Amino acid sequence: MTTASEKTANTPLLEVRDAVKVYGGGFLSGGRRVHALREVSLSLDATPARITAVAGESGSGKSTLAGAVLGFVQLDAGHVLFEGQDVAAMSRNQRFNYRRSVQAIFQDPYAVFNPFFHTDHLFNLVMRRFGIAKGRKAARARIVEALETVGLRSDDVLGKHPHQLSGGQRQRIMIARACMMAPKLIVADEPVSMVDASLRSTILDIMLRLRDDNNISFLYITHDLSTAYQICDDIHIFYQGAQVESGPVDAVLGNAKHPYTQLLIASIPEPDPTRGWGTQLPPDDENNDRDIINGCPFYPRCPKRMEQCVAHLPARVSLDDTGHQVACHLFVK
Amino acid sequence: MRGITKGYLIKRLTMLVLTVWLGLTLMFIIPRLAPGDPVAAMVSRLSAQAGRVEQSEQMIQAWQERFGLDAPMYVQYFRYLGNSFRFRLGYSMAYFPTTVEEMVMRAMPWTLGLLTIATLMSFTVGIAIGALIGWRPTPRVVRTLLPVSLCFTSIPPFMLGILLIYVFAFGFRVLPFAGAYARGVSPAFSWAFVSSVIQHGTLPAAAVVLTSMGHWALGMRAMMITNAGEDYMVLAQAKGLRPGRVFWMYGVRNAILPQVTALALSIGVIAGGSIIVEYIFTYPGMGYLLYQGIVNNDYPLIQGVVFVLICGVAVAVFIIDLLYPFIDPRITYERG
Amino acid sequence: MKEVDLSIHQDTPPPRRPRDYAWLNGKLIAGAALLLAVLLFVLLGRLFWDVTLARVASCPLNLPPVGFDAPGPGFEPSQSAHPLGTESSGRDMLALLITGTPNSLLIGIIAAAIGIVVGTMLGMTAGFLGGWVDAVIRICSDAVITIPSLAVLIVISSYVSEIDIKSMGLLLALFAWPGATRVIRAQVLSLRERGYVQMARLSGASTPEILICELLPNLLPFLAATFTASVSGNILAATGLEALGLGPSRVPTLGMTIFYAIRGAAILRGMWWWWGLPILMLMIIFIGLFLIAIGLDELVNPRLRSGGDA
Amino acid sequence: MSNRTTAAAVCEVRNLTVHYDVSATPVVAANEVSFDVYEGETLGLVGESGCGKSTTAMAMLRLLQTPGRVAGGSVNIAGVDIMRLRPAALRDFRWRNIALIPQGAMNALNPVMRIEKQLADAIAAHADTGGRQALRARIGELLEMVGLPADVRRLYPHELSGGMKQRVCVAMAVALNPPLVIADEPTSALDVVVQRLVAQSLIRIKETLGIAMVLIGHDMGLMAQLTDRVAVMYAGRIMEIAPTDILFKAPLHPYTQQLIDSVPSIRVKKPLRVFPGGPPDLRNLPPGCPFEPRCPKAITICRGETPALKACGEKQYAACHVPNTNRNNI
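Residue numbers (this note's numbering), protein chains in the order written: chain A, 1 to 333; chain B, 1 to 336; chain C, 1 to 310; chain D, 1 to 330.
One chain only, chain A, in its complex shape (with noise of 0.2 Å):
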């Protein structure tokens, strides 16, 4: 390892810093608060470059914190430092070099494209902006190149409209347009949810080969733990704005310590139907519309809540010494 390497190694790539989010509550929106994210906390490392998921239901902020390192939300109180440097506080310069390195893939690979372009649009909108190529023949190349590496074919795709494409077309074209600005990190904002199974392990696994070749760094929104627990180095649960769990992918999901993440195993069908859904029920979803403040957001489902969960947020505690960490007053000591 280089000099070099060693100081960017020692500043995380991403680092989130007590983030809260607060929606509604508003004089004129009115209508009851919702606490997207309480006191969130989560670093990147910047080498080697690591997948990390963040993985909740609808409702756990997940998408709220893709927002905010993405600088499309802005949060009530933390910091997102991208490099060091506060998203929220950076010069043009800094901003511009923060647009380049940090890129995302969304949910609906319809969406995305602007209808009433070709899907060069997109490409050029890039090219333009950050001066990727000189002129047009380097333009298209790397265009090209980009979209080889997500295995597809420049003549299928450049030219058309969005709506020509297929699903799996469209989302690899998108992943190909973050590719070609040599991002340092993608947020990856459920990439899979709306596609077929055939081209989820497609897309999975272009984002292995994009974490081990090109050193790309992802945050993986998700509300599916297996595709977390196959793809992921790091994972952290989500539940109603709070981190429930987190640690590296193994630990986490194969030695889950929250009740919350239990649950959520639990409830996963096994394609196997020999192993049974198991016996732990889940408490009723509309036992849920307590908004808990202060303490545990959990409580109301939680088979083994306790006094002290209502009382207030129980900090997050080192189960070990791999980064497993649990927010639950059954690890506090």
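Hints in this document: simulated from the structure, not taken from any laboratory. Some clues are possibly wrong.
[Unchecked claim] No more than 27 Å apart at the CA atoms, straight line, and that leaves these computed lysine-lysine pairs for DSS-like:
#, chain 1, residue 1, chain 2, residue 2
1, D, Lys270, A, Lys257
2, D, Lys269, A, Lys257
3, D, Lys249, D, Lys270
4, D, Lys270, D, Lys297
5, A, Lys257, A, Lys304
[What the hints assert, rightly or not] Computed spacing ranges between beta-carbons, pair by pair:
#, chain 1, residue 1, chain 2, residue 2, range
6, C, Leu43, B, Gly7, 51 to 61 Å
7, D, Ala137, A, Val310, 47 to 57 Å
8, A, Asn10, C, Val300, 31 to 41 Å
9, D, Gly210, A, Met306, 38 to 48 Å
10, D, Lys269, A, Gly131, 38 to 48 Å
11, D, Arg136, B, Val185, 55 to 65 Å
12, C, Ala265, B, Arg245, 52 to 62 Å
13, C, Leu61, B, Leu13, 56 to 66 Å
14, C, Leu61, B, Arg140, 48 to 58 Å
Values in this document were obtained by computation on a predicted structure and should not be read as measured data. Quick reminder that beta carbons are idealized off the backbone N, C-alpha and C, glycines included.
Assemble chains B, C and D onto chain A, guided by the hints.
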């Protein structure tokens, strides 16, 4: 939480007050922006007229008091707002010493009656036609014939009014062409009077109804078609419900919601259109009163009529807004 | 070929190509043809007809159109020099139509154009920025929509002794923006959550760039539909004012002709051509605009086509 | 999972063919689909998007909307061919004999009607409700059966969570005790924990009422947990049909194999297997076996001849020229 919540009520009330205030302020600003100081011109015209009018002094005084022309602008403004909210609209210049309130009160019932009936009719008939055209199981014959009834859509109501007068009042001479009731009949709750009112109201109402129902029909048709693809429509059919029930409770009931919103939005336009219809038919309502004001340069009358029109429309919109939560349970829903 | 949305019952929606048959929409074509005919009439008329005949006392009075009998005693028979007849002040109806139609159209177009530009800017700002800016713009436009604009315009016109075509258009534009604001705001609200807006942002585009380069092209059909509706609404308001005698009086307009006809008791004297011809012309314009508006509506919302009339 | 041998068929689908008339040559969305559903069993209908599973379900209810139409075949439920019923009889037949749990839980309930009224609607259309009290009691009973409190009946759909809405749909489907219920991706829009809850109520009504069910889905995991038999569809055809335990242990069709292999596990890490190609384009199907372009085992005959569904072992049928028999070691 059902029906109207406090927050919703406050929002709609704010809107009502705001609309009326905006209208009043416009009425206040317009004469002061007009070229050549029309207020001064008005006063001079007033003095010229005073030769003919006995209580001229009193009239000019009342006029100046109302507008408080020598006071600072903000004093004038607040005095004006105060007077308006107490429904003191001043004296008519052409019919002194009749007050504008009196004249408006005399004209209002006619407009209110004509407009309410015409609007409700065009809305319900239009909705019914649109619902039938947009409903797949409607017999093909009906779906082909019904759109014919919409042929007057997009034509301004007053133009249709002229045509109707020409055909029915001048040509066939079956219906009267002017006024609200026959000259010989005195206003009383008698058959002669009521039938006369209905006869006189038919053509103006027809002019409004025939020209506006097409818009409701088109909006309704679009929503019925959009609705037909909704999952709850498929489920209703799967449940084996009678077609009538699917049509009303699942189709019409949902498709009508956007039309009610559209109704609230277009009341102002409908009221504007009916002003001119009344003028064409010399119907003794607000529209005709307004025309008289224009002809006589009777500015207090014009402003008074327009102020009352603005209030009336704002109140109508407010009422529709208050009814809305009862037909759409989602509107005031807030969790927690 | 009929375009249908299979997505409800088939698992993959087939490609939808709204642009492929944009110009095959019958209503759109019919509407455009009507308006084109009106324009052609005006242009040819200016070339081949003496438009000074639209002045007062340039012709004999009260002539019926060629081929029609006089409506009663006291009328002269029709003359071939005045094929559409003349009215009570001695103006030639054909010349009136030729000169009045473009004026009426112009007022509507000026007002609608200003309204659409202002409305688009406000609607985009409101929809994209959200927050209190949106609240203020929304509340204001809703309040202005509620106010019966024609009534306020009557007040204004009554204070203005003389007005020309352009000022009339400007005056109408005062109330022409809220409709467009509402439509555009609603569209932007739904479009701004689309992935491609986020994509453009990731590609480093600024907010104005996103609004103009990404959103505006997709709003075009909505703008076209709103514009058509607005032209129609403004011509209606203008003719309404003119029919009350509040329009421009130095240049002929169709509404002013109707005003004179009403004042001249044309209906009761049986002079149907006096009010009938300008109304016919306006009806053609309104029907043309209306057809274009519903044609555009079907373009924006393809389901409407396959639905009811199928 | 019981292997019924003597159970009678509640529903017999024979050669069901559905066309979508979107161009000169119709798109065949379901092609000669035949299967039986036996009393009390759950039959899974699984496949990727565009495979015709939802189309088949809708055709079974005669709810296809234009341009879709049934071009041939029959669906016999309780001895009546639903395709031959006249409109009035069809109306009466639906829900009493075949009910639907729809796909979009979010939008399947009428937003302006209370839950109670929507449940009552279904009952009152077909049976004597026995008065207001009896009806209310019945509705409470139905809601309880799917684990919802009785006061849910007073609410509007927007006041319920997705899982609750879907369970209301389940309660509605069994209101008249129909012999057959079609569940069209009943949990596809739900979170995994809620999905488990809804699945639980499906299992419960199946066990207590003995209702036969056709479960449409794309999730092989859910199929393994909820069904007794599974039919795998591809490009409008049934590729394989077999009892669930056999199908998962020894799939015959290469496509079934791929479907099972592509489900990521949460217990064992295995290298990702990437399968070439995407779902078929129904407008432009290859001659022969529709799966041939993506099939790792394709041979010459696959390109020319469409394989028919044939028995390849007890209760197991596959439409393949080269079924995977070497794994068939049971």
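*Among all the numbered hints in the text so far, which are the ones the structure does not match?*
Of the numbered hints, 7, 8 do not hold.
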